[in-house]
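Q: Okay, here's what each chain looks like letter by letter:
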Amino acid sequence: MTYADRLENVAVLGAAGKMGSGIVLLTAIEMADLGLDTANGCRNFALHAIDISEKALSGLMTYLRDQVRRAAEKKTVWLRTIYAGRADLVENGEIIGQYIEDVLTVVRPTTRLEAAFGAGVVFEAINENLDLKVKLLGQIRSRHAGDPWFLTNTSSIPIHELDKKAALGGRIIGFHFYNPPAVQKLVELIRAETTLPELADFAAQYAKKLRKTVVPSRDVAGFIGNGHFIRDALYAVSEVQRLAGDFGFAESVYMVNKVSQDFLIRPMGIFQLIDYVGLDVCRSILRVMNERLAGGHLQSSLIDRLVEMGITGGQFADGSQKDGIVKYEKGRPAGVLDPDKRLYVSFADIAPRADGRLGDPPSAAKPWKTVIQVPNRTAYLDGYFRELAAMRTLGADLARRYGLKSRDIGLGLVRDRVAEREEDVNTVLLTGFYHAYGPVNRYFDGEDTP
Amino acid sequence: MNKRRRKVFMTAGYQTIALGTGRKEFNPTTPRPGLEDYIREAGQGTLKQIGGGANVDEGVISNFMAARFNRQGNLAALIPMIDESLRWKPSTRVEGACGSGGLGLITAIKSVLAGTAEVVLTVGVEVQNTVKAIYGADILAGAGWYRGERKTGHAYFFPSLFSDRAGAYFEKYGRDKTRRAFARWYRNAVENARLCETAQEFHNACEDLETLGLTEPNPRNFVDHLNVYDCSKVSDAAAAIAVASEEGLKRCGIAGKDAVEVLGWGQVEADLTMPPADLTELETSKRAVEKAFESSGVRREQLGTVECHDCFTISGLLSVEAIGFAGKGEGPDYVLEGKTSRGGEIPFNTSGGLIGWGHPTGGTGVRQAVTVWQQLTGRAGKWQLEISPKKPYALSVNMGGNDKTVVAVVYKRAA
Chain A
168 MTYADRLENV AVLGAAGKMG SGIVLLTAIE MADLGLDTAN GCRNFALHAI
218 DISEKALSGL MTYLRDQVRR AAEKKTVWLR TIYAGRADLV ENGEIIGQYI
268 EDVLTVVRPT TRLEAAFGAG VVFEAINENL DLKVKLLGQI RSRHAGDPWF
318 LTNTSSIPIH ELDKKAALGG RIIGFHFYNP PAVQKLVELI RAETTLPELA
368 DFAAQYAKKL RKTVVPSRDV AGFIGNGHFI RDALYAVSEV QRLAGDFGFA
418 ESVYMVNKVS QDFLIRPMGI FQLIDYVGLD VCRSILRVMN ERLAGGHLQS
468 SLIDRLVEMG ITGGQFADGS QKDGIVKYEK GRPAGVLDPD KRLYVSFADI
518 APRADGRLGD PPSAAKPWKT VIQVPNRTAY LDGYFRELAA MRTLGADLAR
568 RYGLKSRDIG LGLVRDRVAE REEDVNTVLL TGFYHAYGPV NRYFDGEDTP
Chain B
7 MNKRRRKVFM TAGYQTIALG TGRKEFNPTT PRPGLEDYIR EAGQGTLKQI
57 GGGANVDEGV ISNFMAARFN RQGNLAALIP MIDESLRWKP STRVEGACGS
107 GGLGLITAIK SVLAGTAEVV LTVGVEVQNT VKAIYGADIL AGAGWYRGER
157 KTGHAYFFPS LFSDRAGAYF EKYGRDKTRR AFARWYRNAV ENARLCETAQ
207 EFHNACEDLE TLGLTEPNPR NFVDHLNVYD CSKVSDAAAA IAVASEEGLK
257 RCGIAGKDAV EVLGWGQVEA DLTMPPADLT ELETSKRAVE KAFESSGVRR
307 EQLGTVECHD CFTISGLLSV EAIGFAGKGE GPDYVLEGKT SRGGEIPFNT
357 SGGLIGWGHP TGGTGVRQAV TVWQQLTGRA GKWQLEISPK KPYALSVNMG
407 GNDKTVVAVV YKRAA
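Chains as they are written, first to last, in this note's numbering: chain A, 168 to 617; chain B, 7 to 421.
In isolation and in its complexed conformation, chain A is listed as follows (with noise of 0.2 Å):
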């Protein structure tokens, strides 16, 4: 089987969720330009976009319409060549508008598990459940009458395991994207031991169609990206915990989360990244890796305790960010999280005593979004980390705990061998997690370990 074969039919479960209609997007523009190509003239891909939420793939195929215009509007110049032959489309404007119909036309939307019983490609893009995993992939594998291929999506729980329980006979492989697929550069590749070498090629033929940044990883919970991020949220939990009696909770949250995004040059706080993530997501996440992974303690009463209020995070379904141990307003963080009282506390009664305490961030501070523009990046970084290294002020000495803290995490993972060098850690937070520098650096050095 070819890897156009492969992708002549596709389903996809979760078709409607946040990483499920990124999958659908670029996986039926793939199938689409497949069939633009005269090659295939003769074939009919079809991608079953499986959810089971009727309402949410009527939102899916309203997001696949607007996306698709603008990847079509970047694409022009290729389209113009691939539809040279059509005498009727002459505008550019015609040009889009008919690549979009070839597009929509791949998807099919359906609530109904039976549409993936005959495709060859079926793309896992469901909860972080793993007995619903196990259900729905070993039903597929039952019912089909064929051989067909699994890729989920999963970010933290073991490849192997999903194709023992589910008796997938290594038809199956990691292919982790980054939120959101369609713009995160990121694939995580996770072979388990028993995937077939035939299908990581096509996997990897697949990434690379896709533009993707691929990086391996070693099959183990959380991978490589979950591996670094659980580990480097529980720190700032516990340096919450730790900071918490001199400072309260609300307090230590906001210095904590502006220390790792303002003094640390992140894209978001940690706290934010987490609410971003989802309390529920992490929680589900945080189980995984603990139950398999030897002496981690890989757990957090607060976010337990959390999800179990009721707060959650995560996205609502137009996209904005629900409120989680940070409040938002207009996107933007507006408060903290006093459990207690179940309230939130504005940042504005909470950030003046608290940032006189962190002190100012270096004098060369730039935000985040100026950092990754600065042409000569590494020069700058040297320069910023070196002022942060002389500042003896509490943020800067949360600062320096906490980049040592994410050193040692991505460490840890090679020398686990969940990564097979530190250039795959740095990889991995550099194009999965926008960082601007990798966390194995040597912005550190010279500074006690945490």
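The set of hints was computed from the structure by calculation and includes no laboratory data. Just so you know, not all the hints are guaranteed correct.
Stated by the list, open to error - The calculated lysine to aspartate or glutamate pairs, modelled on DMTMM-like cross-linking and capped at a C-alpha distance of 20 Å, are:
{"#": "1", "chain 1": "B", "residue 1": "Lys138", "chain 2": "A", "residue 2": "Glu258"}
{"#": "2", "chain 1": "B", "residue 1": "Lys263", "chain 2": "B", "residue 2": "Glu392"}
{"#": "3", "chain 1": "B", "residue 1": "Lys138", "chain 2": "A", "residue 2": "Glu240"}
{"#": "4", "chain 1": "B", "residue 1": "Lys157", "chain 2": "A", "residue 2": "Glu240"}
{"#": "5", "chain 1": "B", "residue 1": "Lys95", "chain 2": "B", "residue 2": "Glu253"}
{"#": "6", "chain 1": "B", "residue 1": "Lys157", "chain 2": "A", "residue 2": "Glu258"}
{"#": "7", "chain 1": "A", "residue 1": "Lys241", "chain 2": "B", "residue 2": "Glu222"}
{"#": "8", "chain 1": "A", "residue 1": "Lys302", "chain 2": "A", "residue 2": "Glu261"}
{"#": "9", "chain 1": "A", "residue 1": "Lys242", "chain 2": "B", "residue 2": "Asp230"}
{"#": "10", "chain 1": "B", "residue 1": "Lys138", "chain 2": "A", "residue 2": "Asp233"}
{"#": "11", "chain 1": "B", "residue 1": "Lys138", "chain 2": "A", "residue 2": "Glu261"}
{"#": "12", "chain 1": "A", "residue 1": "Lys376", "chain 2": "A", "residue 2": "Glu240"}
{"#": "13", "chain 1": "B", "residue 1": "Lys157", "chain 2": "B", "residue 2": "Asp170"}
Stated by the list, open to error - Chain B is nowhere near these chain A residues, computed Cβ spacing over 10 Å in every case:
{"#": "14", "residue": "Asn211"}
{"#": "15", "residue": "Lys241"}
{"#": "16", "residue": "Trp245"}
{"#": "17", "residue": "Gly260"}
{"#": "18", "residue": "His311"}
{"#": "19", "residue": "Leu356"}
{"#": "20", "residue": "Val381"}
{"#": "21", "residue": "Asp447"}
{"#": "22", "residue": "Pro519"}
{"#": "23", "residue": "Val581"}
{"#": "24", "residue": "Thr598"}
Claimed, not checked - Taking CB as the label site, the calculated pair distances span:
{"#": "25", "chain 1": "A", "residue 1": "Lys497", "chain 2": "B", "residue 2": "Asn80", "range": "39 to 45 Å"}
{"#": "26", "chain 1": "B", "residue 1": "Thr36", "chain 2": "A", "residue 2": "Arg553", "range": "40 to 46 Å"}
{"#": "27", "chain 1": "A", "residue 1": "Val541", "chain 2": "B", "residue 2": "Gly330", "range": "42 to 48 Å"}
{"#": "28", "chain 1": "A", "residue 1": "Val541", "chain 2": "B", "residue 2": "Arg38", "range": "51 to 57 Å"}
{"#": "29", "chain 1": "A", "residue 1": "Lys241", "chain 2": "B", "residue 2": "Glu253", "range": "54 to 60 Å"}
{"#": "30", "chain 1": "B", "residue 1": "His209", "chain 2": "A", "residue 2": "Asn346", "range": "31 to 37 Å"}
{"#": "31", "chain 1": "B", "residue 1": "Gly330", "chain 2": "A", "residue 2": "Lys497", "range": "57 to 63 Å"}
{"#": "32", "chain 1": "A", "residue 1": "Ile539", "chain 2": "B", "residue 2": "Thr36", "range": "25 to 31 Å"}
{"#": "33", "chain 1": "B", "residue 1": "Lys30", "chain 2": "A", "residue 2": "Gly313", "range": "57 to 63 Å"}
{"#": "34", "chain 1": "A", "residue 1": "Met476", "chain 2": "B", "residue 2": "Thr36", "range": "38 to 44 Å"}
{"#": "35", "chain 1": "A", "residue 1": "Ala518", "chain 2": "B", "residue 2": "Lys30", "range": "24 to 30 Å"}
Ideal Cβ placement from N, Cα and C applies to all residues, glycine included.
Since the structure of chain A is provided, determine the placement of chain B on it from the hints.
A: Showing chain B alone in chain A's frame:
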């Protein structure tokens, strides 16, 4: 044919800001002024300086594609909207793609020459940010031969036509130096625009413009031989100027020193359905300039400033050659030696030109006349040149399409 049977003047120029990417006021997602707002602002800006609409006999409005950008036709009837006293007076809309403004000037000049009007209000306008650039490219492609060329043409139709000219030029005269000249042209344009508050690039703060200008073209996303800095941007703007006879100036209470005199012009059309004979030459522009020189009796060496149609850096370069400042293939040296810059031998496009000031397609020709009027009558503010008495003349060249509709005008400050 007597182009000078009566003296013709221009005065009371006005230009709106050129709105589009680069201007701090521009936000593609928020509502912006429309066609009527630009026409009204520019028209009233001129009327205020000439004693109001009662002094105007006739209106001319130049525009390229409002029918598609703004779904608006019958633009002649927007002239009376500028001022109540323009109602029931004649008004004409003219169109010649990006040369519309030049045609508007000529239409007004001819009315004055014919003696059927003493004062003509001439407005040029285009509001193009109503669509994204990729769809705007479809609309602008109307300046080419649509039926014969559009289907086989590039997504970015006009940039591609001029990219082909750049490619041919590279092949004939060398790529490296030519690309460096493009980058210098870009730098000159932006540096001039930074001095002119209404220019689209007025806010441009890039420190190293030539390096930016040297960005390697990316054929995958754009065209083969030009990058985006080689191209004028998408602009919304209008400009207006009064074209008048001696009697008209008197009626408006305008002193000679506040007007420029039109000494001669050239108006030339090429066949839209015929490809250019030589891609490395702007033959139509060359012919129009020759006619303008001939009718005015002014020589190239007597020019103190030039407004050329640099819709792309390559068209700027080819204009230098078409006007005769440099021989064929020598334009890059001429530009790289700094001769076209503000302090050079012959300052080109002193308020930024199409690349720096902006290119409201159908309005550009009128804007060029306003720039010349400002420069020659000492109204250019920070971008004012010292006009030497030895070189008191100015030339504007406005081009429509791929060197198809061209109007060149020679001016001098009136006494």
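Q: Now, for every hint given, state plainly whether the structure supports it.
A: Hint check results:
1. B/Lys138 <-> A/Glu258: Cα-Cα ~14 Å, so holds.
2. B/Lys263 <-> B/Glu392: Holds: B/Lys263 and B/Glu392 sit about 15 Å apart, inside 20 Å.
3. B/Lys138 <-> A/Glu240: Judged against 20 Å, a Cα distance of about 9 Å means the pair holds.
4. B/Lys157 <-> A/Glu240: 17 Å, holds
5. B/Lys95 <-> B/Glu253: 19 Å, holds
6. B/Lys157 <-> A/Glu258: This hinted pair holds, its Cα atoms lying about 7 Å apart.
7. A/Lys241 <-> B/Glu222: 18 Å, holds
8. A/Lys302 <-> A/Glu261: Cα-Cα ~44 Å, so violated.
9. A/Lys242 <-> B/Asp230: 15 Å, holds
10. B/Lys138 <-> A/Asp233: Given that 20 Å is the threshold and the Cα spacing comes to 14 Å, the pair holds.
11. B/Lys138 <-> A/Glu261: With Cα atoms ~14 Å apart, B/Lys138 and A/Glu261 stay inside 20 Å; holds.
12. A/Lys376 <-> A/Glu240: This hinted pair holds, its Cα atoms lying about 19 Å apart.
13. B/Lys157 <-> B/Asp170: The given pair, whose Cα atoms are some 17 Å apart, holds under the 20 Å limit.
14. Asn211: 28 Å, holds
15. Lys241: At about 7 Å from chain B, A/Lys241 fails to clear the 10 Å cut-off, so the statement is violated.
16. Trp245: 8 Å, violated
17. Gly260: Given a closest Cβ separation of 5 Å, the condition is violated.
18. His311: 39 Å, holds
19. Leu356: With a cut-off of 10 Å, A/Leu356 remains clear of chain B, as the shortest Cβ separation is near 26 Å.
20. Val381: The assertion about A/Val381 holds, with a minimum of 21 Å to chain B.
21. Asp447: Its Cβ never comes within 10 Å of chain B, the nearest being 33 Å, so this holds.
22. Pro519: 31 Å, holds
23. Val581: 36 Å, holds
24. Thr598: For A/Thr598, whose nearest Cβ neighbour in chain B is about 21 Å away, the distance exceeds 10 Å, so it holds.
25. A/Lys497 <-> B/Asn80: 39 to 45 Å: 43 Å, holds
26. B/Thr36 <-> A/Arg553: 40 to 46 Å: 43 Å, holds
27. A/Val541 <-> B/Gly330: 42 to 48 Å: 46 Å, holds
28. A/Val541 <-> B/Arg38: 51 to 57 Å: Violated, at about 32 Å.
29. A/Lys241 <-> B/Glu253: 54 to 60 Å: Since A/Lys241 and B/Glu253 have Cβ atoms about 57 Å apart, the given range 54 to 60 Å holds.
30. B/His209 <-> A/Asn346: 31 to 37 Å: 35 Å, holds
31. B/Gly330 <-> A/Lys497: 57 to 63 Å: This hint holds: roughly 59 Å between Cβ atoms.
32. A/Ile539 <-> B/Thr36: 25 to 31 Å: The hint (25 to 31 Å, Cβ to Cβ) holds, given that A/Ile539 and B/Thr36 are roughly 26 Å apart.
33. B/Lys30 <-> A/Gly313: 57 to 63 Å: Holds, at about 59 Å.
34. A/Met476 <-> B/Thr36: 38 to 44 Å: For A/Met476 and B/Thr36 the Cβ distance comes to about 40 Å; the hint holds.
35. A/Ala518 <-> B/Lys30: 24 to 30 Å: 29 Å, holds
Hints 8, 15, 16, 17, 28, counting from the list given before, are not met by this structure.
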